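There are 2 protein chains.
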Amino acid sequence: MNSDKGADVDRRIAAPPTMSVLAAEALRSMILSGELLPGDRLPENSLTAQLGVSRSPLREAMSVLEQEGLIVQAPRRGAIVAPLTAHDIYEIYTLREQLEELAIRLGVPVAEEARLDRLREAFARLEAATGDDQTEHTRLAFEFHLALVGLAGHRRLEESFRSLSLQMQLCMAMNRRARAGLETMKEDAARHRPLLDLALAGDRDGLLVALRNHGQRTFLLYAEEHVDGHSPESRAWFAEVRAQLEGSEAS
Amino acid sequence: MNSDKGADVDRRIAAPPTMSVLAAEALRSMILSGELLPGDRLPENSLTAQLGVSRSPLREAMSVLEQEGLIVQAPRRGAIVAPLTAHDIYEIYTLREQLEELAIRLGVPVAEEARLDRLREAFARLEAATGDDQTEHTRLAFEFHLALVGLAGHRRLEESFRSLSLQMQLCMAMNRRARAGLETMKEDAARHRPLLDLALAGDRDGLLVALRNHGQRTFLLYAEEHVDGHSPESRAWFAEVRAQLEGSEAS
DNA sequence: CGACGGCATACTGTCTACAGAACACAGACC
DNA sequence: GGTCTGTGTTCTGTAGACAGTATGCCGTCG
Chain A
1 MNSDKGADVD RRIAAPPTMS VLAAEALRSM ILSGELLPGD RLPENSLTAQ
51 LGVSRSPLRE AMSVLEQEGL IVQAPRRGAI VAPLTAHDIY EIYTLREQLE
101 ELAIRLGVPV AEEARLDRLR EAFARLEAAT GDDQTEHTRL AFEFHLALVG
151 LAGHRRLEES FRSLSLQMQL CMAMNRRARA GLETMKEDAA RHRPLLDLAL
201 AGDRDGLLVA LRNHGQRTFL LYAEEHVDGH SPESRAWFAE VRAQLEGSEA
251 S
Chain B
1001 MNSDKGADVD RRIAAPPTMS VLAAEALRSM ILSGELLPGD RLPENSLTAQ
1051 LGVSRSPLRE AMSVLEQEGL IVQAPRRGAI VAPLTAHDIY EIYTLREQLE
1101 ELAIRLGVPV AEEARLDRLR EAFARLEAAT GDDQTEHTRL AFEFHLALVG
1151 LAGHRRLEES FRSLSLQMQL CMAMNRRARA GLETMKEDAA RHRPLLDLAL
1201 AGDRDGLLVA LRNHGQRTFL LYAEEHVDGH SPESRAWFAE VRAQLEGSEA
1251 S
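As given, the protein sequences belong to chains A and B, one line each in that order. Going by this note's numbering, the first residue of the first sequence is number 1, and it counts up by one from there. Going by this note's numbering, the first residue of the second sequence is number 1001, and it counts up by one from there.
Source of the hints: derived by calculation from the structure; they are not laboratory data. Bear in mind the structure is a predicted one, so any value in this text is a computation, not a measurement. Glycine residues also receive a C-beta, built at the ideal position from the N, C-alpha and C atoms. A couple of the hints might just be wrong.
From chain B, some residues computed to sit far from chain A (all C-beta separations above 12 Å) [to be verified]:
(1) Ser1029
(2) Gln1050
(3) Gly1052
(4) Tyr1222
Using C-beta positions, here's what the derived DEER-type ranges look like [as the list claims (entries may be wrong)]:
(5) A/Arg193 to B/Ser1054: 49 to 57 Å
(6) A/Arg193 to B/Gln1050: 54 to 62 Å
(7) A/Gly78 to B/Arg1120: 31 to 39 Å
(8) A/Arg125 to B/Arg1077: 25 to 33 Å
(9) B/Gln1050 to A/Asn213: 49 to 57 Å
(10) B/Ala1210 to A/Arg191: 35 to 43 Å
(11) A/Ser54 to B/Gly1206: 53 to 61 Å
Let's have the full structure, built from the sequences with the hints guiding it.
Encoded structure:
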């Protein structure tokens, strides 16, 4: 009779989405698709008109997106799409990598078979994506990594990772027009298959190694040229990445 | 003339706090002081009456606290103080420890002298706390650790760490009445001094080792008995913690 | 010609009101 | 006696209005 406390009943039918959620999704896709660029202002009035919701749900949606790191709000000065500096990219990348590693260490080999299903499905969707919508394809790739992190069954870890992944998508959206078609989608799906296989085999160390070489480091160098705002840390880190890349190319 | 874009001017005079911020602070302290316990419902009407603000700023405050992990909201069902299971404690502790370690690896030795000032000040405040307000003392200890993590100059890392620290304070608030005066404040301040010294000396490895033995693991075992909701992962992890503790006691 | 000051405008912070959903209780039925 | 159903209440989701603040423009003064 599963008399839960009400907070976490496992719903069979999805709850009707609230306007706030719909507004958040719409805004998020506007940002991640590159329709809105970092630094763009987000006046509430025009957005309510554009999205067809009132200010209350819109403000709630903006608060969600702020938590996700996609927008920043200044008191009495409104919200803008989060501007990205080189230091931000350094932060996003280092933290995200670390979280992914922790997730693998905690979660592989996998405790519950069901979590692997999610990973399989995410890969299937990534493989099946045929259209040439680059934004959607990027999203699916991130969804796969999210499922990978989900293997640990660690809600907070997964949530942090998701937030950082979104910010990374924002970073890519910013540069998309310039780097269109950097790699084809089939190549990208193929690049992810080994990760799936290693996870299914429960090979923790193999997975850790594979992930270290999986990151799209070429993208990073590309991104560096399109932003400013270096910090001492980020400058050193980018230099290191560059060195590693050249080393691996030489070999 | 420092013509910033408006988003991040470094203000000399503090911006007048908004009602939302005040409400968030009030709510947070109500939760962390143990006045509200995990699972308690938070109806908007009674809270607006209690805090003297309208529903809009209150809702925004609740959204902030949800992001901090102190409360959880269910659509159309309102908010409750975040209930903590053993699995939650496992999540909070593992992730927090990992973030702290990453911060030290990235941030020590320290790049900018000014960051050390913050750490010194945090320690001074911790040492100077004489009153017997346990909640406040706990807060100051966490503030010290936050400053330690802040050495890395990694905003996102620090923010995640802060959120997890708040949740840990919630966990402690839950058990406070039972474990009152588990250790005196002077002892606690003394326990933190080596961390400060190691950070000032720029001794990264020494700091990492010290931190590994610094965590209040006895508290964890105590907490375990006051919650339910174990997962396979959390059960194994708690067992490991217990084993380590007994091992170190024996030696 | 450049800088300062005042004014108009746009935008956000907050409040109140209304509609619909979740919940609790009481009565009816098996 | 227990379970189910209907109804009333409580609470949340959303909308819209008002007030105060930030911003940009224009005219004036040095």
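Here's how the hints hold up against the structure:
no.: 1; hint: Ser1029; verdict: 21 Å, holds
no.: 2; hint: Gln1050; verdict: 22 Å, holds
no.: 3; hint: Gly1052; verdict: 20 Å, holds
no.: 4; hint: Tyr1222; verdict: 22 Å, holds
no.: 5; hint: A/Arg193 to B/Ser1054: 49 to 57 Å; verdict: 54 Å, holds
no.: 6; hint: A/Arg193 to B/Gln1050: 54 to 62 Å; verdict: 56 Å, holds
no.: 7; hint: A/Gly78 to B/Arg1120: 31 to 39 Å; verdict: 37 Å, holds
no.: 8; hint: A/Arg125 to B/Arg1077: 25 to 33 Å; verdict: 31 Å, holds
no.: 9; hint: B/Gln1050 to A/Asn213: 49 to 57 Å; verdict: 55 Å, holds
no.: 10; hint: B/Ala1210 to A/Arg191: 35 to 43 Å; verdict: 41 Å, holds
no.: 11; hint: A/Ser54 to B/Gly1206: 53 to 61 Å; verdict: 56 Å, holds
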